Amino acid sequence: MKNNLIHSFSKDQFQSVIDSRIEQVVNHYFDSEDTYVFVEGPRWSTLGFEKIAKGWRAYGDSPINVKDIRTIEGPFGREDNGMAWIGQIIEMDVLINKTLKTVKFRGTFVLRKCEDSKWRIEHEHFSQPAEDPYGTGDWLESE
Numbered sequence: 007m008k009n010n011l012i013h014s015f016s017k018d019q020f021q022s023v024i025d026s027r028i029e030q031v032v033n034h035y036f037d038s039e040d041t042y043v044f045v046e047g048p049r050w051s052t053l054g055f056e057k058i059a060k061g062w063r064a065y066g067d068s069p070i071n072v073k074d075i076r077t078i079e080g081p082f083g084r085e086d087n088g089m090a091w092i093g094q095i096i097e098m099d100v101l102i103n104k105t106l107k108t109v110k111f112r113g114t115f116v117l118r119k120c121e122d123s124k125w126r127i128e129h130e131h132f133s134q135p136a137e138d139p140y141g142t143g144d145w146l147e148s149e
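Numbering (the numbering used here), first residue to last: 7 to 149.
Worth flagging that the hints you see were computed from the coordinates, not collected in a lab. Treat the hints with caution; some may be incorrect.
Only pairs whose alpha carbons sit at most 30 Å apart, straight line, appear in this in silico BS3-like list of lysine-lysine [what the hints assert, rightly or not]:
#1 K73 <-> K124
#2 K57 <-> K104
#3 K107 <-> K119
#4 K57 <-> K17
#5 K107 <-> K57
#6 K119 <-> K57
Computed from a predicted model, the values in this text were never measured in an experiment.
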């Protein structure tokens with residue numbers, strides 16, 4: 007991405023998660039009842055800033071301890087007229103009840119430039135591909 011500020015957004019958000027700076031994480035979201043997040047699970051989604059903030063605060067109290075987040079593809083994105091998107095694939099090292107595991111996600115942030123000139127998340131989607139949801143295999147032939 008051309009804009010370094012936008013390019014660094016993911017890095018700042020991910021570092022806030024690693025450092026358990028939950029209020030900083032929450033501050034990265036646009037304060038609106040329409041802000042919409044597809045969470046990585048087990049819920050499907052969260053609608054509204056207040057519910058998103060409540061979810062992050064509960065996450066901070068959960069047994070999940072994020073040790074590292076690495077971008078393994080991307081980030082890719084674009085900024086135009088006060089809106090931006092960032093897409094990437096990440097790997098997270100998480101410690102859960104004394105067990106270290108690595109989890110891979112694809113993720114997208116859709117950002118809005120707010121009146122205070124800060125970029126905030128208006129939509130977020132982190133997920134993993136579903137295992138053959140149609141029962142047909144991958145329709146893209148490998149080369």
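* To do: Could you check the structure against the hints above and give me the numbers of any it violates, in ascending order?
  => Number 3 - this is the single hint that the structure violates.
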